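Number of protein chains: 2
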Amino acid sequence: MSTTTFLTPVQEQIYLVEERMRAQANEEHHPDLRAALNHLISAGGKRVRPTVVLLVGNMLGAPPERLIALGAAIEMLHTATLVHDDLIDGALLRRGIPTLNSQWSPAATVLTGDFIFARAAKLAAETDSVAVMKHFAETLAIMVNGELAQMFDARGIYDRTHYYKRIYAKTGSLFELASHAAALLCDVGTDVRERMRQYGYNIGMAFQIVDDILDFVGDTATLGKPAGSDLLNGLVTLPALYYIEANPDDPNVRLLAKGEYHNTARMKELIESIRHSEAIRQSLDEAGQFTRRALEALADLPTGVERQALEDLAHYIIERHV
Amino acid sequence: MSTTTFLTPVQEQIYLVEERMRAQANEEHHPDLRAALNHLISAGGKRVRPTVVLLVGNMLGAPPERLIALGAAIEMLHTATLVHDDLIDGALLRRGIPTLNSQWSPAATVLTGDFIFARAAKLAAETDSVAVMKHFAETLAIMVNGELAQMFDARGIYDRTHYYKRIYAKTGSLFELASHAAALLCDVGTDVRERMRQYGYNIGMAFQIVDDILDFVGDTATLGKPAGSDLLNGLVTLPALYYIEANPDDPNVRLLAKGEYHNTARMKELIESIRHSEAIRQSLDEAGQFTRRALEALADLPTGVERQALEDLAHYIIERHV
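Those protein sequences? They're chains S and H, same order as listed.
Under this note's numbering, the first sequence has 277 at position 277, and the numbering climbs by one with no breaks.
Under this note's numbering, the second sequence has 434 at position 112, and the numbering climbs by one with no breaks.
Bear in mind the hints are in silico, worked out from the structure with no lab data behind them.
Any given hint could be a false lead.
From the structure, some residues in chain S lie toward chain H, with a derived Cβ separation under 10 Å [as the list claims (entries may be wrong)]:
| hint | residue |
| --- | --- |
| 1 | Gln24 |
| 2 | Ala25 |
| 3 | Asp32 |
| 4 | Ile88 |
| 5 | Asp89 |
| 6 | Leu93 |
| 7 | Pro98 |
| 8 | Ala120 |
| 9 | Leu123 |
| 10 | Thr127 |
| 11 | Asp128 |
| 12 | Ile142 |
| 13 | Asp285 |
In silico lysine-lysine, DSBU-like type, Cα no more than 30 Å apart, as pairs [to be verified]:
| hint | chain 1 | residue 1 | chain 2 | residue 2 |
| --- | --- | --- | --- | --- |
| 14 | H | Lys368 | S | Lys134 |
| 15 | S | Lys225 | S | Lys134 |
| 16 | H | Lys547 | H | Lys368 |
| 17 | H | Lys547 | H | Lys456 |
| 18 | S | Lys46 | H | Lys456 |
| 19 | H | Lys456 | S | Lys134 |
| 20 | S | Lys134 | H | Lys547 |
Interface residues of chain H toward chain S, partial, derived using beta-carbon atoms under 8 Å [claimed, not checked]:
| hint | residue |
| --- | --- |
| 21 | Asp408 |
| 22 | Leu409 |
| 23 | Leu415 |
| 24 | Gly418 |
| 25 | Gln425 |
| 26 | Ala429 |
| 27 | Ala430 |
| 28 | Phe439 |
| 29 | Glu469 |
| 30 | Phe474 |
In this text the structure is predicted, and so the values were computed from the model without any measurement.
Just so it is clear, CB atoms sit at the ideal spot from N, CA and C, and this is done for glycine as well.
Take these sequences, add in the hints, and give me the full structure.
Take a look at the structure:
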């Protein structure tokens with residue numbers, strides 16, 4: 001099941017979230033900034049993060065208006081980090097659409113990202129919850145610190161603990177925030193909030209592992225970038241780690257261990273080896289364990305369309321395009 | 323009187339603000355990030371913005387702990403905007419100390435600025451005031467939009483309305499926030515809060531006008547950059563506007579009106595003309611009017627050391643180094 005049925009119960013509210021996002025640049029702001037924001041919002045993906053916000057909040061009875069603000073805040077935060085990340089990576093396309101930095105100066109791109117951060121913070125404040133705001137700011141710091149660590153740390157082979165820390169900063173933390181913050185807007189006990197935090201954390205971790213698997217098994221057309229591009233950039237993700245553990249004497253593994261990931265021909269051989277190895281299934285099993293924990297966190301919660309959609313979403317995350 | 327007597331009543335609390343700022347990068351964060359933050363905090367200026375926060379808050383009875391958080395939040399926000407501005411301008415020195423971007427890659431500088439924004443937002447949330455958070459986020463958006471407008475707009479001669487809008491975004495808005503947000507933490511009526519907003523707004527506007535005057539009359543050693551550097555970059559500030567109004571037929575004014583600010587030799591002549599013209603006194607008078615309005619906003623507020631210091635601060639702003 002790789003369908004997006006989980007979207008159905010919140011489709012109307014997703015439009016409201018997008019409307020709220022677009023409203024963040026208005027006649028007070030520079031016309032070019034408004035155009036850039038519209039471009040970025042139109043280029044958006046499936047809105048998985050606001051969907052989590054809305055499903056959890058609706059299931060637990062959050063006030064709709066504050067929930068829309070939260071969904072918009074989290075998607076804006078996500079958008080702002082993508083703007084700065086694409087600038088830093090020099091990426092020209094995202095989801096097949098030209099990035100802001102491919103068309104604008106670095107200076108304008110930095111400031112547009114800053115503006116979107118500012119509007120994300122304003123939207124977070126519009127939840128009227130100090131607790132949400134604190135978690136929101138903390139998550140932003142975790143994400144940025146993760147990006148900095150990835151930039152400063154020498155390329156090389158790290159262990160799985162290091163990998164999990166990195167993908168938590170990159171993806172897990174924002175999914176965790178989406179689910180947890182939605183629960184913070186509801187009149188429910190700390191145990192339910194903790195379960196929702198766990199749900200978000202686990203689907204977020206599964207999401208990134210699957211992304212990292214797709215980087216090996218996907219094709220260029222679907223990925224919008226060459227297969228194995230993580231490894232070609234010296235970034236060792238879970239499938240590579242499993243392969244390395246099982247094949248320490250592969251000459252290409254030895255080369256990678258020496259930091260020679262710039263040897264493209266040899267790294268392409270390694271990518272092929274990983275692609276056809278047990279490491280893919282092992283990584284999928286690992287993602288599956290996170291999904292299982294996410295589903296366990298939903299046990300005892302009220303049954304209904306939202307809970308069903310949250311389950312569907314957890315399944316979708318590990319089954320998409322694989 | 324160009325002394326900093328206004329600092330005396332809050333000196334101890336300023337240390338607490340700086341400590342709180344330094345604590346924003348801890349063992350969870352990358353060591354290079356901690357080093358960068360310490361460098362930036364050590365290179366800090368007179369802490370005028372947190373001083374406003376502390377004086378206003380102490381005068382009106384704000385809870386000290388939340389006041390320290392607010393002071394740190396505002397100084398962190400100021401620091402983050404400087405990091406990105408210096409990157410965008412390619413500035414190598416600030417206050418005679420190497421900028422982050424002069425030593426780090428653009429990517430690391432962008433992310434360090436982002437991290438400081440994140441910590442500023444977290445500190446703002448620690449005031450436990452949703453109203454403060456909303457104003458905080460709005461001010462950040464105003465500042466970034468102002469930077470973007472300055473970047474996108476064609477260089478040229480604009481009128482004073484445009485100039486005031488620009489310096490409000492650049493400086494006035496953050497002083498306004500410092501003073502207003504401190505009052506929002508106090509158990510006082512909306513009239514007092516409005517007065518404090520006005521106080522902050524007016525000293526902020528005066529502050530920037532005096533900065534713009536100093537750019538003409540200061541010497542390179544004090545400024546840390548060549549005199550007239552605004553005009554050499556095509557930025558027409560208040561002294562230039564007054565001079566242009568009085569001398570429309572000056573050939574160098576005509577050249578500037580044609581957008582030829584890259585003609586350095588002729589612009590240096592124009593800078594000399596402005597420097598020795600009535601425009602300097604007119605601009606100072608203008609700053610003095612803002613100061614007068616700031617002092618008026620303090621009328622009827624409780625007399626005591628804090629009010630005296632706020633008055634001293636208003637005087638200091640227009641009398642420094644002129």
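Hints and how they fare:
1. Gln24: holds (8 Å)
2. Ala25: Holds - the Cβ of S:Ala25 comes within 10 Å of chain H, reaching about 9 Å at its closest.
3. Asp32: Since the shortest Cβ distance to chain H is 5 Å, the answer is holds.
4. Ile88: holds (4 Å)
5. Asp89: Constraint on S:Asp89 satisfied, holds at 9 Å.
6. Leu93: violated (19 Å)
7. Pro98: S:Pro98 check fails; min Cβ-Cβ to chain H is 19 Å, beyond 10 Å.
8. Ala120: Since chain H brings a Cβ to about 8 Å from S:Ala120, closer than 10 Å, the hint holds.
9. Leu123: Hint on S:Leu123: holds, closest Cβ of chain H at ~8 Å, below 10 Å.
10. Thr127: Status holds, d = 9 Å.
11. Asp128: Interface hint status for S:Asp128: holds (5 Å vs cutoff 10 Å).
12. Ile142: holds (8 Å)
13. Asp285: violated (30 Å)
14. H:Lys368 to S:Lys134: Judged against 30 Å, a Cα distance of about 28 Å means the pair holds.
15. S:Lys225 to S:Lys134: Given that 30 Å is the threshold and the Cα spacing comes to 36 Å, the pair is violated.
16. H:Lys547 to H:Lys368: Measuring from Cα to Cα gives roughly 19 Å; hence the hint holds.
17. H:Lys547 to H:Lys456: Answer violated: H:Lys547 to H:Lys456 is near 36 Å, above 30 Å.
18. S:Lys46 to H:Lys456: holds (28 Å)
19. H:Lys456 to S:Lys134: With a Cα-Cα distance of about 13 Å, the restraint between H:Lys456 and S:Lys134 holds, given a limit of 30 Å.
20. S:Lys134 to H:Lys547: violated (40 Å)
21. Asp408: violated (11 Å)
22. Leu409: Holds, about 7 Å.
23. Leu415: violated (19 Å)
24. Gly418: violated (24 Å)
25. Gln425: Interface hint status for H:Gln425: violated (14 Å vs cutoff 8 Å).
26. Ala429: holds (4 Å)
27. Ala430: holds (6 Å)
28. Phe439: holds (6 Å)
29. Glu469: holds (5 Å)
30. Phe474: For H:Phe474, the interface hint holds, since the closest Cβ of chain S sits about 5 Å away, which is under 8 Å.
Checked against the numbered hints above, the structure violates hints 6, 7, 13, 15, 17, 20, 21, 23, 24, 25; every other hint is satisfied.
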